[in-house]
Amino acid sequence: MSVTEILFFFLSALAVFSAVMVLVSKSPVHSVLWLIAVFFAISGHYVLLNAQFLAIVNLIVYAGAIMVLFLFVIMLMNLNAETEPQKHMWMKLAGVISGGCLLIILVSMVRQAVDLPGKTALMKEGNIGLIGNLGKALFSDYVVPFEITSVLFLSAMVGAVVIGKKE
Amino acid sequence: MPIQYYIYLCLTLFTIGIVGVLTRRNAIIVFMCIELMLNAVNLLLVAFSKMHHGAALVKDATSSVGIEGQLFVFFIMVVAAAEVSVGLAIIVMLYRNTHSVDINFLNRLKN
Amino acid sequence: MNAIIVSGLLGVIMMFSGIVLKNRSAITNLAAIGLLLLLIANILGTYGICTISINTHNMLRFEKFGMFFNSIAFAATLLYVLLSGRDLERTGVNTGEYYALIFFVLCGVSILSSFNGLLMLFLGIEILSIPLYILTGADKRNLRSNEASLKYFLMGSFSTGIMLMGITLIYGATGYFDLGHSPVVPSTGEQRATFLEVAGILLLFASMCFKVSAAPFHFWTPDVYDGAPSVFTSFMATVVKASGFIAFVRLFDRHGNELGPGPTWSLLLGFVIIATLLVGNITAVFQQSVKRMLAYSSIAQAGFMLFALYGNNDLAKEGILLYSVAYCLATIGIFAILIRMNDYTFDGFNGLAKTQPVLAITNTVFLLSLAGIPLTAGFFAKYYMLASAVKAGASLWLVIVAVIFAAVSVYYYFRVIQAMYFKDGDPATAPIGTGFKAMLILMAALIILFGIFPSMVLGAFYF
Amino acid sequence: MIPVLLISIPLVTGLVGFFLKEGATARGWALLSSLITLAVAIAGVFFYPRHQLNFDAAWLPDLGSRLTLQMDGMGKMLCLLTAISFPVIFIATYKNNYKNPGSFYALMLLSQAGLTGVFTAGDALLFYFFWELALIPVYFLCSLWGGEKRIAVTFKFFIYTFIGSLLMLTGILYVYFHTPDHSFSMQSFYHTQLEPGKASLAFWLFFLAFAIKMPVFPFHTWQPDTYEQSPTAVTMVLSGIMVKMGVFAVIRWLLPVFPDASTSFADIIIILSVIGMLYASLIAIRQDDIKRLIAYSSIAHIGLMSAAIFTHNATGLEGVMVQMFNHGINVIGLWIVADTIEQQLGTRKFSELGGLAQKAPALAILLVVMALANIALPLTNAFVGEFLMFNGLFQYNLWMAAIAGISVILAAAYTLNMVQKILYGSTTAVTANAGDLRPNVQWILVLLALLVIVLGIYPQPLIDLAKDTVAAVLGK
Amino acid sequence: MNKLALLVPLFPLIGFLVNGLGRKSLSKSAISVIGCGAILASFAISVMLFFDVKTNGGTVTTLFSFISADSFQVPFAFQIDQLSVIFLLIITGIGFLIHLYSSAYMHEEEPQHFGRYFAYLNLFVFSMLLLVMGANYVIMFIGWEGVGLCSYLLIGFWFKNDNYNYAAKKAFVMNRIGDLGFLLAVFWLLFKLGSASYSDVFANVSNLSSGDITAITILLFVGAMGKSAQIPLYTWLPDAMAGPTPVSALIHAATMVTAGIYMIARSNILYTMAPATQTLVAIVGLATAIFAATIALKQNDIKKVLAYSTVSQLGYMFLGLGVGAYTGAVFHVMTHAFFKALLFLGAGSVIHAMHHEQDIRRMGGLRRYMPITHITFLLACLAIAGIPPFSGFFSKDEILTAAYTQNPLYYYIGVAGALMTAFYMFRLYALTFLGGFRGTHEQEHHLHESPWQMTLPLIVLAVLSTLGGFLGIPEVFAADAHSLDHFLQPIFAESTRLAEHQHLGTSQEWLMMGGTTLAIVIVILLAVRRYRNYRAAETENTGVSKLLEHKWYVDELYDALIVNPLNALAGFFKNIVEKSGIDGLVNGAGRLVGYGSRQLRLLQSGQVGNYILVMVLAMVVFILIWFNDQNIMRFISKIF
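Residue numbers (our numbering), protein chains in the order written: chain A, 34 to 200; chain B, 673 to 783; chain C, 687 to 1149; chain D, 236 to 711; chain E, 11 to 650.
Quick caveat, the hints were computed from the structure, so don't treat them as lab data. From the three backbone atoms N, C-alpha and C, an ideal C-beta is built for every residue, glycine too. Don't take every hint at face value.
To list a few chain A residues with every Cβ distance to chain E over 10 Å, as calculated [unchecked claim]:
#: 1; residue: S58
#: 2; residue: V62
#: 3; residue: S131
#: 4; residue: C134
#: 5; residue: A193
#: 6; residue: G197
One-sided and incomplete, this derived list gives chain B residues near chain A with beta-carbon spacing under 7 Å [said to hold, decoys possible]:
#: 7; residue: I679
#: 8; residue: N711
#: 9; residue: V730
#: 10; residue: A733
#: 11; residue: T734
#: 12; residue: S736
#: 13; residue: I739
#: 14; residue: V758
#: 15; residue: F777
Footprint (simulated), chain E over chain D, 3 or more residues, beta carbon under 8 Å [stated by the list, open to error]:
#: 16; region: 516-529
#: 17; region: 561-571
#: 18; region: 604-615
#: 19; region: 653-661
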C-alpha cells in the first residue's frame, strides 16, 4: 500500500466520519466545525489529485468564507443544541432508509457499469490542476460563462440588499 | 486510484448530505448539508477530470483534456458562494420575523 | 447574444434607477421601455441585424427556436409589466431592484434558450433561480412570503445539487459537458454500456422536472406560488416556467443524434406526465383559493407541456412555443385580475360579471384558453402537444388519460366562471383603470386570434 | 357560398346582439336574423345549384386543415331544420322575458352558427371546432337562464360532453396521422386504412363523443336534468337540433371512416340502443314532469336512430335522416306546449295538472297532434322515419326489431298518459283559471302541426334528400 | 270509375275538417247535416263502385309514391275489388245510419263537443275506408292505426271522466301490441319481397318459404288479435264501452273490430298456404268465442253483454277464417254488422230513455214504452241467436258447417257457444223488455220512445238483419244461390283452388241445422222463462257465477302478471337504476375526483422534509423503472 493510498483512505475515512458527525451533532456550531473538517479532507483529496488551485480555493472559499458566514449567522441567532427539537423518529428513519436506497441503487449502477473497471484517476501527475493552465482556459474558452457569472453575483448582491435592507 | 473508489466516496458523501437534508430541522444545518452535497460533486468532478486526463495523456502528452471538469468545479464554487449569501439572507429574514429557523414550523402553506 | 447582454445591462440600469428616479411609476415606465428595447434587440438579433457577436467557444448556440422564444418571453414580460406594473410598485420599496431582478431572470431565460452545454445550462438555471428566491420573499413582513422563499430556496438548492451530481456522472461517462458530444439523449434500455451516464441523465432529468414542477418534484410549486407576492407569482408561473420547458426541450432534443427516444424513455416520461396531470388536476379541484388553484393548474399545464418532450419532433417544438404564448397570455391576464381582487377565494369572484363586465369577460377568455376550449389559443396549444405525441407514436392510452384530465381541468377553471356569472355577490376590487381594461381586452383578443389562426405565431417562427 | 352565409349571418348578428340592451330590440334582431337565415337556407336547399353549396378556403395550411364547408342531402336537411327551428323557437318564446335579453339572444344565435357549422363542416378539425362552438353558448344559456339547480346540472352536462369531445379529438388526431396525405379533409378520412386493433380504439373514441351527445344508453343521464333545468328555448335547441349532432356525426364521421369497426361493433351498439329505448320508455311511464317525460321519450327515439344507423342498411339510414328532421319538428312542438303550460300555470307536474282540454281547446288539439307524432302514428311525419328505421333494423335482426318494437307500445302508453294527465279529467286548482294559447304560440304550433301532417303524408322529398348521403356513406 | 274511388274517403275527410275546424261556429244541425251527408255521399259512391266492380272487376288506383326508399316502394294506392267494396258498403252504409242516429243521441252535448264528436266519427270512417281501400299493407296499416286513434278519441270522448280515459288508453295500447305484430309482418314482406302491395305479394307467394309464410301470417294474426279483440288481447273491447253508444255500435261492433277479419280475408292466400297458422286462428277464434260467451252470461251492464257478445262473434269469424271459410267469415261480418249495430243502437235507445242507466237489473218491461226499439231488438236477438231465417243463422251456419268438415270438435264447441249466445241474448232481452219495470219512479216517468233519427236506423237495420241472410243461401237450400260467394269468388279463388274442400252430405247438413236450431229454441225459452220476472237477488254470486261475473278475473290477472311488474320495473329503473346506478356512476366519477383531491392535498403537507423525501424516492423509482422497463411494458400491455 503506497503512501498515496494510505492518504486516500485516511482522508476518505475522515471525510465520511466528519460528514456523519455533521449530521449527528446536536449543536449547530459543532456541525459547522465538522463540516469544515470535511472540507479540509476534501481539499486533501484535491491535493492528492494534483488539483492545487481547487484545493486552495476550496479552503479559502468554503472553509474560510462560507463557513465563517454560517458561524456568524449561528452566533447571531444564538442557536444552541436545545433550540432544535428533534424530528420524529420515523421521519429520521425514513430519511436514512430512502437515502440508503438511493446510495445502494447508485452504487449498484456503478458496479454494473462495464466500462469503468480499469479506469483510474491520475494521482499526483498531470498539470491541468495548476493555476496557470486553469487560468488560461478560464479566460479564453470559458470567458463567456465567466462573464455571465457576474450577472449571477449581481443578482445575488441585489437580492441580499433587497432582503437585508430595512424598510 | 481506481475511479470507483472516488465514486463510492463521493456518492457516500452525497448521500450523507441528502440524509442530512431529510433528517435535520434546523434550516442552517439543512443548508450546510446541501453544501456538503455540492462538495461531494466537486470532488467527483475533479476525480473524473483526472481520469479523463489520464486517459488522454496516454495518447497525447500535452493534452489538456479534463481541464473543463476542474473549471466546472470553479463555477460551482462561485455559484455556491452566491447562493450562500442569498440563502443566509433569507434565513436571517425569516429568523427576524419568527425567531426560529425550524423548517418544521414552515407549514402555513400547505394542502 | 443581444438578449443576454442587453438584459444584463438593463438589469444594472434598473438597479440604479431607484437612486435616480424617486417616482415609482417612472421606474415602471423605464422598465417597460427597457423591455421594449430588449424585445427589439432580440428580434433584430433573430434576423441577424445589429447583432453583437462574441466568440462563445461553442458555449452558446443561437437558433431560431430559442431566439423566438426569447421574443415571446420578453413580450410576455412587457405585457406583464404594463398590466401589473402598478401592483408591483405596491409590493415594497425596492421597485428598481425588483425590476433589476426581473431583468436578471430574463438574462437567465436568454441563456437557457441558447445554452449549448451543461455548464451554461447550470449557470442559466442558477441565474434564473436566485433572483426568484428573492422575489418570492419580497414581501418581507409577510410570513407566508418568507416561508415560501425559504422553502423555494432550500428545495431549489437541493435540486441544484441533484443536477450537479447528474452532470458529473455524465461527465464521468463521456468526458464532455456539451451536447454536441455527449449523447445526452437517453439511450434505449438495451444499450446499458454506460450505466454511469444513465444514472446521470436520470438525475439531470429529475432536477429538470423539479424546475418545471413535474410530479413528483412539484411540491414546491403550490406553496411557493401561493406564498409569493401575487405579482411575482404571475411572472414565475409564466415566463420562468415556460423558459424551464424550453431548456428541458432543448436539453433532451434529438439534436441530429441517431438515438431516438426509446421505449424506456417514453415509459418514464409517460409516468411523469400522468403523475403530473393527476396531481395538478385532481388537487386543484378542491382548492378554495383561486391563487392556489392556479398554482396547481400550472402543474397541470406542465403535464401537458411535457408532451413536447414526449413527442420530441417538429410539432412538439412548434407546440411548446404556441403553448408558451397561450399559457403566458392567459395566466398573466388572470393574475392581473386576481391581484386586483380583494378576496382570493372563489367566492370572492361572485358576481364579478355585474360589477366589472370587462374583467369578467376577459377573465372568461383566459380561463377558457387555459381549459383548452377551441377558438382560444389554449386549444391549439394542447392540440399541438397531443398531436406531437400521437405523431411520435405514443400509446393512445396516454393521450386519452391526458384528455380526461383536461376535462377535469374544466371543472376548476369553470368554477371561476360560474362564480363570476352565475352567482350573486358584490366583489370588492382595487380601482381599475381604462388602460388596464384595454390591455386585458387586447390580450383576450390576442388569445382568440391565435385560437383561430395559430399559424400567425408559428409562421413567425418559420420565417 | 350558401353554407358560409348560413354560418356567418347568425355569427355576426349574434356578436352584435351582445350589445343590445332592450328586450324588444334584441328579440326583433334575433328574429330578423333567424328569418334571413331561413330564407337563405330555403334558397340554398331548393334553388341553388350544387356548386354553390360548397365552400373551400385555406385555413391552417401547415396543419392540413382547410375551411371546407359542404352541404349534401343530410347537410341540407339538417341546415334546413336548424334554420326553421330558430325562428320557430324565437316566435314561440317571444313573450318570455329574460334578464339580459341581448346576451340571451346573442348566445342563441351563436349556437345556431355552431350547429350549422357542424352540419356543413367537411374537415374534421373544423367539425370539432363547430362542435364545441355549439356547446359553449348552450352551456352559458343553461347556466344563466335555467332553473334552480341549473349550475350543477349544466356543469355536469358540459363536462360530460366535453370529455366526449376531447376523446373524439384524440380519435381525430389519430386518424389524421394515418391519412395518406396528412389532411383533415373528409375525403382523406374516408380513404384512410387503419389497422384493425387501432381502428376499434379510435372508433370508440369517436363513438363515445357521439353517444354522449345523442345520448345513447347508458350515457344519457345528463340529459333529463339538463332538459329540465334549461330555459325551454334552449331545451328546444338541445333536443330539437343538438342531439341530432350526435346522430349526424355518426353517419358522417363514424360509419365511413371506420367501416370495419362499425360493422364489428354494430351488435353491441344496437343492443345498447335497444336496451336504452326500452329503459327510457319505461322510465318515461313513471315520470311526473312534462319536461322529464319528453326528455326520456327523446332518449328512446334517439335510441332507435342509433340502432338503425348501425344496421348499415340503406333503408334504415334513410329513415334515420328523415327522422332527424321530423323528430326535430315534433320535439320542438312538444317543448313549446310544455313551455306554454309552465309559463302559464307555473308547474310542470302532471299531478297538479288536468282538465286543460276544457280550458284550452286549441292547446289540447295541438298537443294531441304533437303527441301522436311522438308515438309515430301513421300519416304523421314520425311514422315514415320510424317505419324505415324499423325496417332497417328488421333486416339486420328480426329479434332486435321485435324487442325495439316494444318501445312503440310503451311510447303510446307514456305519451297518452301525458295527454290524459294534462288535458283530460277535471280541472285542478292550478288549471282552473287557465287560458288558451297566445296567438304567436298558437300559430307556430299550427305551422308545426301542418308540417307534421304534410311530411307524414308526403315524405318523399325528405327521403330523396337523404339518398345521396346514404349512397356516399355506404358506398365506400 | 277509378277517380270515383278517391271520393269515397274524401267526403268523410272533408266532413272531419269542416266539423273539426268549424265546431265552434257551426250550429248543431249544420254539423249533423255535414257529418251525415259526407257519409251518405260516400255510401252513394260506394254503391256505384259496387256495381262497377260487379261488372268490371277490381281496379288499383295509385295516387302518389308514399315511400320510395332504397329497397322498396310503397305507393299510396287504393284497390277497389269485390272484398273491399263489400266492406265499403258496410262501412258507409251502417256508418251513415249510425251518424244519423248519433245526431239525435248526442243532441244534449254542447255544440262544440257535438262538432268534435262528428269530426271524430268522420275521421273514423275516413280511416276505416283507408284500411279497406288500401292497395298494400302499409296503407292498410295507416288506416289500421287511424281507426285505433279514432277509437281512442271516441272512447275517451267524455274526457272529464278519468275511467273513460283509462279505457281509451287501454284500447289504444292493447291495439298497439297487435299493431307491432302487423308491422313486423309488413317488414318481413318488404324484406323478402320488396313490396307490400297485395298484387305483388300474392303473385309472388311462391318466393316465400313456408317458414316465412307461417311467421308472416302469425304476425298478421297478432295484429288481428289486437284489433279484433281476440284472446289474449280482447280486454280492451268491453272497457271500450265507455264511449257513446253509437260509437260502440259503429266501431266496436260493426266496423273496426272486423278489420282483423278483413285483413286475413284479404291475405287468404297466405293463410291458406300456412295450415299451422290456420289451425292457430281457428283455435284462438273458437276459444274466444266460448270464453267471451261464458262471460257474457253473467254481465249486467247492457253494453258489456253486447261487448262480450261481439268478442264472441268475432271469435266465430276467426273460426271461419281458420277453417278456410273466408266467404263465411265475410258473410258473418256483414250480418253481424247488421244485427250487432242494431243491438247496440237499440241498447243506446234504451239507455237514452233510461237517462244513462245501463244496468239491466234496473230495467224491465220496456216493451210497453218503447215498441219500435223492442221489436227491432227482438229481431236482432233472433238473428244473433241463429234462428232461421234471420241473417245470423245463415252466416253462422256456414262457418259451423265449414268447421265440421275440418274437425267435428270445432263444430260441437261452436254450437255450445251458439247456445250460450242464445241464452245470454235472451237473458238480456228478457231482463230489459219483459216483466215489470224495476227502475226508479222518476226514470219510469221519463221513459219514452226515441225520435225518428234513432228509430229509423233501427228499422232499417232490423230489416237488414232479418233479410240479410238471403245473400248467402247455403247449397243445401238452393243450388248456386249463394250470391255473396259468387261475388267474392275472384278474391278467394286461389285459396279455394289450393284447399281441398270436403262437402257434407245433404242429409247430414239438414240434420245438423235442425238439431242446432231446436236446441237454440229450447235455450231461448229457458232463458226467457227464467228471467222474465227477474227479482234482484240479495245473495252474492258464488263459484263459477262469481268467476263469470268478474270476467274470469282476466283483467286482474293481466294487472298482476304484466302491468304491475312492468310498473314496478319502471319504478325500479327510475328510482334505483337511473339515480343510484347509472347516474350514480357518473356522479361517482365526479365524487371520486373530489375524494382524490382531498386525499392528494394531504400529500402537500407543507413540510420541506417530506417533499424532499418524495423527491428522493422518486429518483429511486426512476432508476428502478429504467431497469425494469421491459417487465413494466409487458405488464402494461397485459392491462390494455
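Results for each hint:
no., hint, verdict
1, S58, "holds (18 Å)"
2, V62, "holds (22 Å)"
3, S131, "violated (5 Å)"
4, C134, "violated (5 Å)"
5, A193, "holds (22 Å)"
6, G197, "holds (23 Å)"
7, I679, "holds (5 Å)"
8, N711, "holds (5 Å)"
9, V730, "violated (10 Å)"
10, A733, "violated (11 Å)"
11, T734, "violated (10 Å)"
12, S736, "holds (6 Å)"
13, I739, "holds (4 Å)"
14, V758, "holds (5 Å)"
15, F777, "violated (10 Å)"
16, 516-529, "holds (count 5)"
17, 561-571, "violated (count 0)"
18, 604-615, "holds (count 4)"
19, 653-661, "holds (count 5)"
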